[in-house]
Structures are given as structure tokens and as C-alpha cells.
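A.B. asks: Sequence:
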Amino acid sequence: MFGLPLAFSAPLLLSAFLALPLLWYVLRVVPPKPRTLAFPPTRLLFDIKPKEESAARTPWWLTALRMLLAALVILAAAGPIWNPPAAGPTSEGPLLLVIDQGWPAAGQWEARMSAAGALIDEAANAGRGIALIPTGDVPRDATLLTPAAARDRLRSLQPVPYAPARAEAFALAAKMRAGEPQAGIVFLSDGVDMGADGDLAAALAPLKEGSSLVVSGGAAAPLALASPENGADALTVKVLRPAGGAPRAGRVEAKDMRGLTLADAPFTLPEGASASEARFTLPVEIRNEIARLDIVGESSAGAVQLIDKSWRRRTVGIVSGTSTDTGQPLLAPTYYLTRALAPYADLRVAETGSAIENINHFLEQRVPVLLLPDVGTIPPATRARLAQFVENGGVLVRFAGPRLANAQDDLLPVKLRRGGRVLGGSLSWETPQPLGALTPEGPFRDMKVPTDVSVNRQVLAEPDSALGEHTWAALSDGTPLVTGTRMGKGALVLFHVTADTSWSNLPLSGTFVDMLRRVIALSDAPPALEAGAADAPRGLERPEIATLAPSRVLDGFGAFHPPGPMARAIPADFTGRAGADHPPGFYGPPDGLVAVNVLLPADAPKAIDFSALGLRTEPLQESTPRDLAGLALIAAMVLLLLDTLAVFYLAGGLTRLGGKRATATALMGLALLAAAAPPSPARASDDAFALQATGQTRFAFVVTGDPEVDDISRAGLSGLATFVGQRTALQAGEAMGVDLAKDELTFFPFIYWPILPNTPVPPPAVLAKLDAYMKQGGTVIFDTRDAIEASNVPGAPLTPAAAKLRQILSGLDIPELAPVPRDHVLTKAFYLLKDFPGRYTGGTTWVEALPPGDDTDRPARAGDGVSPVIITSNDLAGAWAVTRSGEPMLPLTPGEPRQRELAFRAGANMAMYVLTGNYKADQVHVPALLERLGQ
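Counting from 1, position 151 in the sequence shown corresponds to residue 569 in the working numbering; the numbering is continuous, with no gaps.
What the hints contain is simulated information worked out from the structure, not anything from laboratory work. Treat the hints loosely; a few may be bogus.
To be verified - With a Cα cut of at most 30 Å, we get these calculated BS3-like pairs of lysine-lysine:
| hint | residue 1 | residue 2 |
| --- | --- | --- |
| 1 | 1193 | 1252 |
| 2 | 907 | 727 |
| 3 | 593 | 1024 |
| 4 | 866 | 907 |
| 5 | 866 | 833 |
| 6 | 673 | 1222 |
| 7 | 1193 | 1160 |
| 8 | 727 | 656 |
| 9 | 907 | 833 |
| 10 | 1246 | 1193 |
| 11 | 866 | 656 |
| 12 | 626 | 593 |
| 13 | 1187 | 1160 |
| 14 | 673 | 907 |
| 15 | 1024 | 626 |
| 16 | 727 | 866 |
Unchecked claim - Here are the simulated distance ranges between beta carbons:
| hint | residue 1 | residue 2 | range |
| --- | --- | --- | --- |
| 17 | 764 | 865 | 17 to 27 Å |
| 18 | 589 | 678 | 39 to 49 Å |
| 19 | 984 | 1020 | 19 to 29 Å |
| 20 | 1231 | 1301 | 34 to 44 Å |
Given the structure is predicted, the values throughout are model-derived calculations rather than measurements. Every residue, glycine too, gets a C-beta built ideally from N, C-alpha and C.
Could you build the full structure based on these sequences and the hints that come with them?
C.D. replies: Below you can see the structure in the form of C-alpha cells.
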């Protein structure tokens, strides 16, 4: 309304504003003007001074006050709503709700779920059926749901880490509309076109028929990362957004495989720009450790770019066997090699000194790739070191030349022909031979055969049965141009021509650059991609039998989690886009991980222009709708009170009141003002809170502000109190929620704190208060509730909740922590337990580490030996939560029959532990005490 996010639930009542002019006239004539009568004796009254005077008309300010009061009453009756939800379609049929579920929707997922919930509520009030069609996991068929079932289905939706399949979703919506012609379609769109839908106009065609609505925009465009490039002096990555807009700035973080931040780099998107760049100027050794790039503040899989070993900038040593030509350095083999590899690797060229000394020098420096252009005879000791270098994972690349052709060397992938009709072991042609084929067994299998490469001389290989298996590139007559083989963890490669242009024009072509890039990449490839392949060739393994299983994959919010049952292995040469079968993440063994990303280097997200498609759109409201009727009524009550006081003043009531009566009237007015003021959300008094907390032993939880989480915490602790009351002498009361900033914490034996990814870090004063509570004997149970998402691999990245917990604990004086030992008091406080399951079972429970040494010699500790901190990720409250009828509220994972019973026993042990201390640990002192007492 008027450009403001304001709507009215009963807009027809606003027509009452038309009566305000009439109300103004009525108020102006009240009280009426006194009548004038001709009475001669009244001349005697002129000398009498009047004590009081009455106005002929109501003062203008009082009239304005009453007009404003009437306007507020009309507004309140009309039901004003700030940030109203999008209005649904005008049709009377069922609601078909199509929800974009791709990664661009993750950043505003809560707002989208709120908007979808409002549309479901509107359809429920109208008695309409509801069908939910997500574009990420498109169902095969959709049916109309009841409002309750639709809300449950909506709560189960999560964003997927790939582009949405809108064509399939709208095909299903069109099929349902064919059976329900009166159905209305609402499309909750992320507004981003990734090109996966092909003809977007054709995909959205069902929206142009009948009643339909598109909810899009109103939120900041999502940012994404693509095209990382590890250059000579820096690693760069593109920051993309679908369309130009206001200037935006931010930072990109670089992390290693353990999730530790190595560096961050700023980026700036100017006004109207859709792409920018973040640049990491780091030493190459640190850049090679980067495994993940994240846009700070963006929570989507598109804002993550994973980097595997193929992006590393390798160090390459070049040792030339030719004599240095100072007069023509641009014709030397090292010149062509450095020009070809300089953009992709850090080169170390040794052109002076002995070739053997330079080789040994590079081997001592642990250079992963060695290029030897025309290095002939190698002494046995150096040859043995080179063989060991290749066995350990190095790549040795040799180039032919006069020296190699005449040398006696076996450190080659194939045997070379010696003597005979070929002078010096090389063959010359009068007509140059073109490149004929790139075999599928080699690393050049995805390259196109060039037409501009010709060879006029080469060294020949000895024909044998294995020659074809080791040939990666061959000339048109079938003789090999490049051969290679695996040797241990590394590879041996031979170019049968020189690295300069004396034997061929290969060094002048782009094919030479592509070949060298693929060859040096072999230094990071695993030695065997498919175990147990008995018929694998002695060259590289065949790609059709090489598959990589998923190791860790991303969810729609960009967090790592174990691969689900739908994630499939990828081929070893996979270069496609992430999808439902191949979600983004790392694939393969730990020593040969392959990264699959959401965006490919050529991807460029674009904004969808729905106006060009002729569709009605409404913006997505990021804020929660707020009813303003209550505030309008409160303001009207305050104005009514002011009107009463004004009338009392104009009537002279204040002048007639004196002394105590005036004071009493003022106090009564203040009391009325206080009564008219809006009620405070705080508790009535601190005394009432203290009486409630201390009247009975109660378990407490931290109020997070999320109604669903708080309800589960309350139900979980109440369920635990019931279980403990049935099994022990402790009769605990209902659980209480506490505000760390306002409430007193010392009344509670322990406080359960569920950590959410969006939990704000408390200010220093609140952290100091919590620290004092723990030092005075209290215990805080931190529960990140993410055991199903966390990885048990050492050094794996933290989940968002675990990262938030680490941020909170950094402001507290936390003792050294350790996993619960098997003989810890917590394992035998009431039940004998081995672990502490909750809704999940995979998390580790952490407590304060015990001092080293014998327990009998340990010093006395505060809190009777009770750990002030217990950290878990198993969602304890989710397992304890029961309804009022005693039924479990949430399912368990993996859901073993005794898992919930063991979870309750773990809670009982924790309750006994914090209430009784280390009394069971002190049983070791019983014999000494009895002996001292003489018994």
C-alpha cells in the first residue's frame, strides 16, 4: 500500500474515513453557543466579574485529538498487517504450490518457508486442497494434501545442492491442473536461471493459463563462486551474482581439508556488475593446501568452490642435456618448455652445470615432476634414485634427441630400437608425418586430434605385445609419438621427439601445452583407480572401469555431511555438473580426492525477468508478518485517556482540586497511563521467578528464540524429569526456560543449551555470568544436535553448529576437555553405560579432562569433581521429548529398539552426576576411612 509493506485483513472498513469530516463538524459545534436574551435588568450584572468562562466552540487541538482517536479505531478494525504475506491466486480450486528447492534458494530459505506456510494457511481457511511440488526432488506424482499434512511436508523440505528441475515440476503442475481446471498455481521462485531448464519460457508456460502467481525478488541476490585458477602469483576465483544491482562487498575464505582458515580475500561488486574476483596472493605451498573456498555470510552450496589436487600448482624441475646456446637461447628446448608450462606450474630450470648434478639436486628438493629434454646416459646410482623417485609418486618426462637416441638406458616406458637401418636410433622422412590418434588408455583421451602437428624425425620403439598399451599418442603410420606407463605410484613418460622444433613443430602448437598439463597432473593421480582389475593394462587404467565413490558431499546450505543412499559414484574422468545422482563434494580415496562443484567454469547465473513472460509477480517478504491492530488499539486508549484529562481540565476540575486531591488525581492519571501501556514481555517480578525455580528441583534450558527447538527442549527435559522420578527418589518439576541475560542461573543444577547455526554469540557480560555459574558448581550441557551431519574423519570441516559452539566457547574460561573415559563417574552415576546416545548415536560426549595420575592423589576440585561442561551432538532433548500422553515426539536414528531407553538412562546419569558429584569415585577411599575409624 502506497509503496509500503502494509496490508489490511478488512480493507472495506477503511471507508469509515469518509465519515471523519462529519465528525469534525459535530465536534466543532459541541458545546453549543450560549443563547442571547434581551433583559434590561441585566445591565446590573455588567459590573460583576465572572469567576468562570466557557468556550463557545471546542478547541481545535481537542478536536484534532478526537479525530486522530477515531482514525486509530478505524485502522485497528481494518486489521493492519506489516509485511503481509503474498496473496494467493484468486481461483476457488486447490492450491498447487511449486517451490524452488535449488541452491540459490538456500540463503533465504526461512523466508520462503514462512511465505509458503502463509499460503497454506490461507488455502486452509478457504477450505482448499494443497499440493506441494518441490523443484529439487520432483515427485513422480503429486496428490492433494490436507493443511496439516501439507505443513508436515513443508517442514521436511530442505534446499538441494544443485540447480532445480523446473521443467519437470511444471509438467507435473500442468498435469494436475488438467484434472483440476480451477486450480491455482503459486511459484515460489529463487529468481535465478542456471540454464538447466533449456527454454525457460516453455517451462513456465503452465503459469500463463488460469490463476497463477510468481513470488520472487524482494531479497538480496545469491552470490556464487566459479572458475578458480591457480596462477603464477595468486589463486583467483570469480564471484558471481545473477544480475546487476547495488554495490556489494564481502570476503572469500580459503580453508584446508581440516576446515582451518588459511586466508581470506576481499571482493567488490560495483553497481550494475554481475561478476567480480577474489585474489589470494599466497606462497604456492600454502595455495596448494587450499581445499575449499567460501563466501563469508552466504549459506548455499553455490557459494562454495571445492578444489582438489588437479588445481594445485605443481613444481616442475627442468634439466636439459643439450649444450647451452647463448647466441640463440630462444631455440633451446628449455625455452619451449618454460613458455608452455609457466602459466600452470612453478618452474625450476637448471641450464648450467652437469645434468646429473642437477638431477640429484632436484631429487633432494623433492620436486614432484622432472622434465629431461635429451638427457642421454644416466649413471646407475642416479638411475636408481630416479627409479625410486617414480616409485614414490614422481613423474619423469623425457624427450628424445641425439643423446637419448644413442644412449643405453632402460628408464623408459618402452624399449627403443637400436642400430639396423635406422642411423643412431632415429627415423627421418622426406614427407613429414601428421599426428594420427590419441589412444583412450592415455591422459590425452579427451583431446581433439590436431591437424597442424607434423613430425619429420623421431626415435622408434621396439615392437612388442605391450607397445600398444603404452602408446598414448601415435602418428598416422602407427608409430608412437608419446608413450607412458605407471611405475609404482608415479609415471614414466617419453616424447619420441625433441622439446624444440628441430624434429617436429609440436612445441609450436597448443597441443603441446595441453599434453604437458595432463602429464604433470599425473603426479597427483592415484596409482590404481579400480582395485582388483586383473586385466588392467600396464599403462593407465581404462576409464570405463574406473569409478570414484562419494566421500563427503555438500548439502544445499553448503555444509559437509556423509553421502546419502542416492549419491552414486562418478567416473574417474567426470567433468559434468553436480546433480541428484552426483551431488557436489569430494569423491574417491583420501589420497586421490576429486572435487565436484555446483558451478562449472563456464556457468553464469542470470536473473529471470518474469515481466517479459507476462506473469504476475509479488516480492518475497523477508520479515515475519506483524499484526498492527493491537498497537493501534493501545494508541487509541492512550488518546482516549488524554481526551478525558483534557475535558477535565477545560471544565475547571484541576483548579477546584487542591492539595491532596490534586495529588491523588495526578497519581490516578499516571496509573491509568501505566495501565494503558503495552504489557512488558518480562516476568512480573524476579521474586516470582525465584519462587518458581526453587520451590522444586527443576531442569533448565536456554531459550533460543526458535519455537520448535524450545518446545522440544521443554518437552525433553520434562520427559527426563518424569523418567528420573519413576526410577529414583528425585521428584523434579516441570522444566523452565531461562534467558541468560536476564534470569538468575544459580537455581538450577544444570542448564541444557541446544546450539543452532544462527545462535548469536552472547555479549561479554552474559558470558562472564555463565562462566561464574560454571565455576560455582553449575553444569552446562551444550548440544549441537548434528551428529548425523558431522564427519568422524580427523580434521574434517566443522558443521555450522559446531563452528558456532567453538565461537561461543572461545569467550568462556573452559577447562581442558576429553571424551568421556570408560571409568568416568558419568558412566556409573546410576546406570552402567558405555556411551551416551540421544536422537543420534554417532556423536562423542566431552567432559572436563581428569588430572593425570592416580585418582587417590588428585587434588580437591571445585564443584565436587563435577565437570562444568558437557558437550554432545546426539540431540539428547530430541530423544527425551514426549507428548503429554507419554508418546515420543521425534523418531530416532538409526532407531534401535533400546536407543530411547539408553538415551533416558544417559540423562538419568547426567542428572545424578550433577546433583551428587563424584561420590562413586570416592568409594575408593572407603577402606582407608574404615581403617582410620578402627572398624
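A.B. asks: Hints first: check each against the structure and report whether it holds.
C.D. replies: Against the structure, the hints come out as follows:
1. With a C-alpha separation of about 28 Å, the suggested pairing of residue 1193 with residue 1252 holds against the 30 Å cut-off.
2. Taken as a hint, the residue 907 and residue 727 pair is honoured in the structure, with Cα atoms around 15 Å apart against an allowance of 30 Å.
3. Straight-line distance between C-alpha atoms of residue 593 and residue 1024 comes to about 28 Å, which keeps the hinted pair within the 30 Å bound.
4. Simply put, residue 866 and residue 907 have alpha-carbon atoms about 28 Å apart, close enough for the 30 Å limit, and the pair holds.
5. A hinted pair counts as satisfied when its Cα atoms are at most 30 Å apart, and residue 866 with residue 833 qualifies at roughly 28 Å.
6. Straight-line distance between C-alpha atoms of residue 673 and residue 1222 comes to about 17 Å, which keeps the hinted pair within the 30 Å bound.
7. Restraint check for residue 1193 and residue 1160: the C-alpha separation of about 19 Å stays at or below 30 Å, so the hint holds.
8. The hinted pair formed by residue 727 and residue 656 meets the criterion: a straight-line CA distance of about 19 Å does not exceed 30 Å.
9. Taking the CA atoms of residue 907 and residue 833, the gap is near 21 Å; set against the 30 Å cutoff, the hint holds.
10. In summary, the hint linking residue 1246 to residue 1193 is supported, as the alpha carbons are separated by about 24 Å, within the 30 Å threshold.
11. With a CA separation close to 28 Å, the supplied pair residue 866 and residue 656 stays within the 30 Å bound.
12. Under the criterion of a C-alpha separation no larger than 30 Å, the hint pairing residue 626 with residue 593 is consistent with the structure, at around 14 Å.
13. Distance check on the hinted pair: residue 1187 and residue 1160 sit about 10 Å apart at the alpha-carbon level, within 30 Å; holds.
14. For the suggested pair residue 673 and residue 907, the alpha carbons sit about 27 Å apart, so the restraint of at most 30 Å is met.
15. Of the supplied pair hints, the one linking residue 1024 and residue 626 holds, its CA atoms being roughly 22 Å apart against a limit of 30 Å.
16. Restraint check for residue 727 and residue 866: satisfied, since their Cα atoms lie roughly 24 Å apart, inside the 30 Å limit.
17. Between residue 764 and residue 865, the C-beta spacing of about 24 Å keeps the proposed range 17 to 27 Å intact.
18. For residue 589 and residue 678, the Cβ-Cβ distance of about 46 Å falls inside the hinted range of 39 to 49 Å, so the restraint holds.
19. Restraint check, residue 984 to residue 1020: a C-beta distance of roughly 26 Å satisfies the suggested window 19 to 29 Å.
20. At about 39 Å, the CB distance of residue 1231 to residue 1301 agrees with the hint of 34 to 44 Å.
Hint compliance for this structure: every hint is met.
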